[in-house]
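Heads up: the sequence lines are chains L and X, in that order.
Numbered per numbering that gives the first Met the number 0, the first sequence spans residues 0 to 414.
Numbered per numbering that gives the first Met the number 0, the second sequence spans residues 0 to 414.
It is possible that some hints are incorrect.
Repeated chains share a single entry, so a pair holds when one copy, or any two copies, can fit it.
Below, a list of computed lysine-lysine pairs in the DSS-like style, where the Cα atoms sit at most 30 Å apart [stated by the list, open to error]:
#1 Lys293 / Lys409
#2 Lys67 / Lys91
#3 Lys128 / Lys236
#4 Lys41 / Lys258
#5 Lys345 / Lys389
#6 Lys293 / Lys345
#7 Lys154 / Lys406
#8 Lys363 / Lys128
#9 Lys42 / Lys67
#10 Lys26 / Lys293
#11 Lys1 / Lys26
#12 Lys362 / Lys293
#13 Lys389 / Lys42
#14 Lys67 / Lys362
#15 Lys1 / Lys91
#16 Lys389 / Lys161
#17 Lys128 / Lys1
#18 Lys293 / Lys363
#19 Lys362 / Lys345
#20 Lys26 / Lys345
If you're looking for bench data, these hints aren't it; they were derived computationally from the structure.
Each chain, letter by letter, is given below.
2 protein chains.
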Amino acid sequence: MKEFTGYRCSLCGTEYVPGEVTYTCPKDGGNLDVVLDYDEIKKKYQIEDIVSRDDPSLWRYLPLLPVKDPGGEGTPLRMAGGTPVYSPPALKKELGLKSLWIKDEGRNPSASFKDRASSVVVARAREIKSDVVVTASTGNAGAALACMSAAVGQKSVIFAPKTAPPAKVAQLIVFGAQVILVDGNYDSAFDLTIEASREFGWYCRNTGFNPFTVEGKKTGGLEIWEQVLLNLDDECKPACIFVSVGDGNIISGLHKGFKDLRELGWLTQMPRIFGVQSEGSAAIANAFFAGDEKIIPISATTLADSISVDLPRDGVRGVRAARETGGSYILVSDEEIIQGIAALGKVGIFAEPAGSTAYAGLKKALASHLITEDDPVVVINTGNGLKDIKSAMQAVNPAPIIEPSMKALKKHLGI
Amino acid sequence: MKEFTGYRCSLCGTEYVPGEVTYTCPKDGGNLDVVLDYDEIKKKYQIEDIVSRDDPSLWRYLPLLPVKDPGGEGTPLRMAGGTPVYSPPALKKELGLKSLWIKDEGRNPSASFKDRASSVVVARAREIKSDVVVTASTGNAGAALACMSAAVGQKSVIFAPKTAPPAKVAQLIVFGAQVILVDGNYDSAFDLTIEASREFGWYCRNTGFNPFTVEGKKTGGLEIWEQVLLNLDDECKPACIFVSVGDGNIISGLHKGFKDLRELGWLTQMPRIFGVQSEGSAAIANAFFAGDEKIIPISATTLADSISVDLPRDGVRGVRAARETGGSYILVSDEEIIQGIAALGKVGIFAEPAGSTAYAGLKKALASHLITEDDPVVVINTGNGLKDIKSAMQAVNPAPIIEPSMKALKKHLGI
């Protein structure tokens, strides 16, 4: 892709041409932003050329992605993204909101937002002819990599903490990845992955570390633009996007997507981005509230496994996503996360804890007047509740068991 | 909907006007087929009017459905169906097939094919102003009803056997349905549901029993027509559709969809429909092989819970779907079902056992020359593997656990 002209370090600003670096900045370890030649893109494409494309998947945004068409027609790789936005009237009413959209990323091929990053990283892996793609994962990123790799016959190796929910581990293995559970947390799996990729020459997908993950994740922002922002009227207040934050890569991806669109002149009003973290895993929020960008590792404890991170790998850009857009960070308790699962379930959306975290954040933002009822709101459900039924069951009462007779039924119903 | 002119009993042929009956034939208990006025539909619509509709969900086929537009804009009810068809090159090659499509129903809102039936039944419930919709379910139908009901604030009650997989039960409860587990099998839950609906005036969604389930499920056939059949060239052999069969309602639904299209003159060549049952739950296949339509109850034992049925409630139409289309029935073992999960997983498709059953049937049909390599093949994955990870784990080896160190990794890899 000619318009992909290189990388820029998010910390020191040093620029690199595409072949010069692979992961983070050699000088200071900063996350690298992919640099695109917006003028060249604008010469070739107008908004209409994008929104009229006959491809409902994230590949409709190929002109804005730093990879070549990966092929893989007819496979899940080509059918990632394109997730629906719901606009549940009952929730809108309950919250008193004028407009509310919930983007259901649980309807991706491997049932989470991470399919976006993994499909673009696999496209990159094919371009640079990698034999093996490896990643550390709390579950979703790995399942997504395993799924997208399986789709096109790419070998993948996944390191996950042994505490990952069983459904996520099952997915990894069924997709044919080589799965290795580590007796440690996500961060120890992360470090091991980097060492292994160095020593064995594997291409490392690790979230944040690999600059292409954010490029994949920005397609979530591009879809929000097309599905929601383009339909808002000009007088409208800026949209408020609520997303859960673990390592900071999804929020950075959304921000990158909106920044690309603004540079192209296709986005008139930048949305405000609100990162929602669990009180027990708040490293990025801490930096945001401290008013700087210094990420201090914590010892994370939250039942929302997807966002339980000691040392966020994309923390600085995660802070900026909220700060530069007039958004904020919001902390919620595990109890509020669990309540969020029930609240979304009641309108037919089954969210995993990291998904309901965003909804819990919205409730808190309204209560604390961070936003008002006439702000247009988008909540991202990052993954399907089927991935973590243990947490889901904490949100509800177990079902009674009765004899299959009318007598037993009437007794149960108190009739 | 004016074109919905009544019902016709699938056994005795007696016809009824819409308000005259609700469930099965009062004379002999036969399943009722919805009768449509094809001439009226043809007067109003041509193929182009359907395929050009700007609605990717199953509601694009509203002109062929016996319900009014149910409203529910912005909810999962409006976004059921519209599932992708994959065409995995690796599987095509492995099986030696000229063409292969796998329709992934796991990408529905509640992650199974049953969303189709439940969304249309909920539309009907709203039309007839039911307070409560009730169903018996092994899990998927209930989750679908709970999801679609939650979407539009319809009260639902679900009876499921206490042996239903935990993920399916969790879904039911999270969607806010009143869930009652019975200490018995699907059939005892089914009978109890019918009694309760009679006594309490609840609208009963029970599969097969309610004539609208097949109407919802036919949208799966309509999508296969639009996504696959319309693109086959005229010289092509008839497509072969593989679908797992429990109570016989999905296969009957597909058949009804194709029959509707043929009557409208929109389908030139009827596909051959192959029903795949587990050896341990083969009541409909038994009737098919015996050359008649008499369904003799069995005592079902299969790990594919969605198709574990003692007494199929749509058996006669299930037999006919295969017999009248030049298809057949195929029996597979639980071991073959488990192997199917791994085979589909390796190309990035995570199927529940009832989904991989169809794939196992395809393999057997090829081995036994029921079909040949140049037959166009469509396999339906009826549900997401996340719904039953216990079975999925039987398909693969568990992952090793190692210390997070290069030394431990190298030892594990034998380097």
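Okay, the hints, checked on the actual structure:
1. In this assembly of identical chains, the alpha carbons of Lys293 and Lys409 never lie at most 30 Å apart, being 61 Å within a copy and 35 Å across copies at closest.
2. Taking the shortest alpha-carbon separations for Lys67 and Lys91, only the inter-copy value of 25 Å comes in at or below 30 Å, while the best intra-copy value is 40 Å.
3. Taking the shortest alpha-carbon separations for Lys128 and Lys236, neither the intra-copy value of 46 Å nor the inter-copy value of 39 Å comes in at or below 30 Å.
4. In this homomeric assembly, Lys41 and Lys258 come within 30 Å of each other (Cα to Cα) only inside a single copy, at 14 Å, whereas the closest approach across copies is 49 Å.
5. For a Cα distance limit of 30 Å, the shortest separation of Lys345 from Lys389 qualifies both inside one copy, at 18 Å, and across copies, at 27 Å.
6. In the homo-oligomer, the alpha carbons of Lys293 and Lys345 never lie at most 30 Å apart, since the shortest distance is 39 Å inside one protomer and 42 Å across protomers.
7. Only between protomers do Lys154 and Lys406 lie at most 30 Å apart by alpha-carbon distance; the minimum there is 22 Å, versus 57 Å within a single protomer.
8. Taking the shortest alpha-carbon separations for Lys363 and Lys128, neither the intra-copy value of 46 Å nor the inter-copy value of 36 Å comes in at or below 30 Å.
9. Taking the shortest alpha-carbon separations for Lys42 and Lys67, only the intra-copy value of 18 Å comes in at or below 30 Å, while the best inter-copy value is 47 Å.
10. For the identical chains of this complex, Lys26 and Lys293 are intra-copy neighbours only, at 17 Å inside a copy versus 77 Å across copies, given an alpha-carbon limit of 30 Å.
11. In this homomeric assembly, Lys1 and Lys26 come within 30 Å of each other (Cα to Cα) only inside a single copy, at 26 Å, whereas the closest approach across copies is 72 Å.
12. In this assembly of identical chains, Lys362 and Lys293 lie within 30 Å of each other by CA distance solely inside one copy; the values are 28 Å within and 57 Å between copies.
13. Taking CA atoms no more than 30 Å apart as the test, Lys389 paired with Lys42 passes in neither setting, with 51 Å inside one copy and 53 Å between copies.
14. For the identical chains of this complex, Lys67 and Lys362 are neighbours neither inside a copy (41 Å) nor across copies (35 Å), given an alpha-carbon limit of 30 Å.
15. With identical chains, the CA atoms of Lys1 and Lys91 are never at most 30 Å apart, being 44 Å at best within one copy and 34 Å at best between copies.
16. For the identical chains of this complex, Lys389 and Lys161 are neighbours both inside a copy (16 Å) and across copies (17 Å), given an alpha-carbon limit of 30 Å.
17. Taking identical chains as interchangeable, the C-alpha atoms of Lys128 and Lys1 lie at most 30 Å apart only when both belong to the same chain, with a minimum of 18 Å there against 59 Å between chains.
18. Taking the closest pair of Cα atoms, Lys293 and Lys363 come within 30 Å of each other only inside a single copy of the chain (25 Å); across copies the shortest separation is 60 Å, beyond that limit.
19. Taking the shortest Cα distances, Lys362 and Lys345 sit within 30 Å of each other inside one copy (16 Å), while across copies they are farther apart (41 Å).
20. Taking the shortest alpha-carbon separations for Lys26 and Lys345, neither the intra-copy value of 50 Å nor the inter-copy value of 40 Å comes in at or below 30 Å.
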